[in-house]
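Colleague: Position chain H relative to chain Z; hints supplied.
Quick note, the sequences are listed as chains Z and H, same order. The letter at position 211 of the first sequence is residue 551 when you use the working numbering, and the numbering goes up by one with no holes. The letter at position 177 of the second sequence is residue 517 when you use the working numbering, and the numbering goes up by one with no holes.
Hints are computed from structural coordinates only; laboratory data are not their basis. Check before you lean on any hint, since a few could be wrong.
Put simply, identical chains are the same to the list, so a pair is met inside one copy or across any two.
No more than 25 angstroms apart at the CA atoms, straight line, and that leaves these computed lysine-lysine pairs for DSS-like [unchecked claim]:
(1) 722 <-> 653
(2) 673 <-> 713
(3) 788 <-> 653
Protein chains: 2
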Amino acid sequence: MIDTNVLVIGSSAAGLVAATTGKRVYPDKKFTVVTKMPKTLIPCGIPYIFGSVGSSDNDILPAEKMFEASGIDIVYDEVIKLSREECLVELKSGEKIKYEKMVMCTGSTPKRPSWLKGKDLENVFTVPKDKEYLDEMQKKLEGLKRVITIGAGFIGVEISDELNKAGKEVTLIEKLPHVLGLAFDEDVASRAEALLIERGVKVMTDKSVKEIIGKNNKVEAVLMDDGEKIEADAVILALGYDPNVTLAREAGLAIRKSGFILVDEYMRTDDNKIFAVGDCAEKRDFVTRKPSNIMLASTACAEARIAGMNLYKLSAIKTFSGTISIFSTAIGKTGIGVAGLTETIARNEGFDIVTGKFEGIDRHPGTLEDTHKQFVKLVVGKESGVILGGEVYGGLSTGELTNTIGIIIENRMPINALLTAQIGTHPLLTASPAGYPLIKAAEDASSKIMFKNGS
Amino acid sequence: MIDTNVLVIGSSAAGLVAATTGKRVYPDKKFTVVTKMPKTLIPCGIPYIFGSVGSSDNDILPAEKMFEASGIDIVYDEVIKLSREECLVELKSGEKIKYEKMVMCTGSTPKRPSWLKGKDLENVFTVPKDKEYLDEMQKKLEGLKRVITIGAGFIGVEISDELNKAGKEVTLIEKLPHVLGLAFDEDVASRAEALLIERGVKVMTDKSVKEIIGKNNKVEAVLMDDGEKIEADAVILALGYDPNVTLAREAGLAIRKSGFILVDEYMRTDDNKIFAVGDCAEKRDFVTRKPSNIMLASTACAEARIAGMNLYKLSAIKTFSGTISIFSTAIGKTGIGVAGLTETIARNEGFDIVTGKFEGIDRHPGTLEDTHKQFVKLVVGKESGVILGGEVYGGLSTGELTNTIGIIIENRMPINALLTAQIGTHPLLTASPAGYPLIKAAEDASSKIMFKNGS
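Extracted from the complex, chain Z is given alone in its bound form:
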């Protein structure tokens, strides 16, 4: 029997940040992390082990070292039962741990939908956060040439691009009209798609998969709804992830209809001794106030910080309430990012909006090497003038520019404030001050709501 003050379940981004933040804030408490994973992967790096990073061994989160440096105990085991009345968990090994507070960071598992015939054939893969599985998958893929990815969200796009880079023949199938079609408006999604095609990925959009066909229990082809049959040596299912909530459910914690563990603003479940953070925990959209099924390590880390700070007292009062989807990805040397609402989502939700767009370049003068086109789109509430979302397509500074837009949204900045705000520019680092796409997009949006009759 182990006695601890704070028990953290999970050692990926959420568990790591929850435990280290908590220990920093409450140094006198004993923290114990239980994890199934002897080596935790950097989650966002997983698609890149198939190309740019080379191997999962180059994508290790130094969690163990960080726990040790912080004076946090680690137990490599699996929690199989939680008794809330006794504040006790049981591990697979038979060991038990008594806790005062708990942070559940149980993560998520790739979907392998039951309707999909052939989903369990050999060489049908998913992309879990599991080093052992991924190592075996990578080894198997070595001998296989033709890969079909089903689902063109971030994971599907990233892994397709990387496998293409690594010399595979990759076909990416998506049922929406464009790749990344949930995350981005057509303006940006179509640019990303064109780039992916240019780099050699075969993209099939507006197409649904009927089943995966096998022979001798091995993948042979994918059969489309329209009857087309595409031969394949391997299939990767990139159809999203389900939150891991079995432990929580069996312990009687409230689970939302959406499948996530119910949490409040401070990441507390309906048992106030137990916090839940990351992919397993409920999120609410910052703007629409609706449940959101975003699963991002960056979001998990923000939640983990809040849980860690609020373990024994509510100290980290959230200034921003709700989750903003801030994604970015890269295809080659091109970055693509989004923060907040897209135009499509905003209109579907009934927001009365205008958009502002501008395409410029991310260096000045454009004669400098390494100059990329930079496209910025903003979504702005028509009457409030409040900036609700933004998308960026550009060079490798896209990630940080997307974060600038995120901070703008979290501060509920109105378009007038952005128009009169100051930015810094430099020839080798940014667009020009007179043609800075973020500000020019704000001008474009403002011209639709302000300045209608000049004189």
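Modeller: Just chain H, lined up with the frame of chain Z:
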């Protein structure tokens, strides 16, 4: 005699943005720009014409095209007299222009201090925004090997690095303990300095120049205060810029003791028909509320937008009042940026502050190519918790990350809001979510003001 509604003097960043913004907002008004420059340079690109950009011909601001596209008239001439009672200016050619509103964007001129003996010798150069001068300077420099730059502010550092890149033997002399010592704290300035030295620039700090010695009226050496004599074929004075206010002064407009034209929040001079914008116009620091002598094209553009919008009615009410210094620069593939107050300035001004620092990397995993160290420092009001400034040293995304910090400062975000804020991360674009230096620096700062007794 030309009759116009809005007269804009100057065609660089400030004039361009003031005129095009004004015309967009007041399309029925006639706009006329008077400029001395047949070809306007991109101001921030000027140091780079000596290396990366190759020639001033590759650094042209397409001002003419943009004026034409907006339906704005251009007159290539110089305003030599302003009669405010008649709302009339006189040009060098003898032509006169009658205006309703005017925007003065008369810019600045490099300092050639009168105390400096030898300042007018042949091959002693400054760095003005003047294509003809710079072309001649570049031609003369071709045959010269040993260059001394006096003054290690942004222009001095950038031009020294570029001339070094172009094969010159460059010595950079600075009287402060570090290069960029006014803009950055020692943490960052010393890193920039080490990089500059590593790239081959000879850096002499804590050293004052006594005079420039010549022979046959040509530069031969620089004599230091301590008696050392450094031989040189050319000297570049990078000692800052003086605002061009002769026209304003002669017309009786109020000029501040600091030498800048007095303006209000809406960029109006004390003659409300006349606006002043950019290097010639007074600025007030966003945080310290003291006069600021920042001269940046990005600041000028923000001011120009405000002037352009407010020409005939006060429509662009400034949400943020005052100027934040947001700079960034690059040495090779390393970016260096600052927004708001440095620790040194904050302490000198009497602010009770704490700082937060973190050094991480700007990709994740760090095994990815193109990974740079990324150092972030934040300056935070101790009791208010408000973020007053930030500095970044990192890769090429530094410019946009510095802008994120700028938006944070303009929104007066407290450290708690940043700690619980969301950012987006991606392996190829940013630091990891668990080790994102901006948030980690916020944690470091917060640990000095919050979370002192955990339990």
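Colleague: Evaluate each hint against the coordinates.
Modeller: Verification of the supplied hints:
1. 722 <-> 653: between (40 angstroms within a copy, 21 angstroms between copies)
2. 673 <-> 713: both (11 angstroms within a copy, 19 angstroms between copies)
3. 788 <-> 653: between (47 angstroms within a copy, 18 angstroms between copies)
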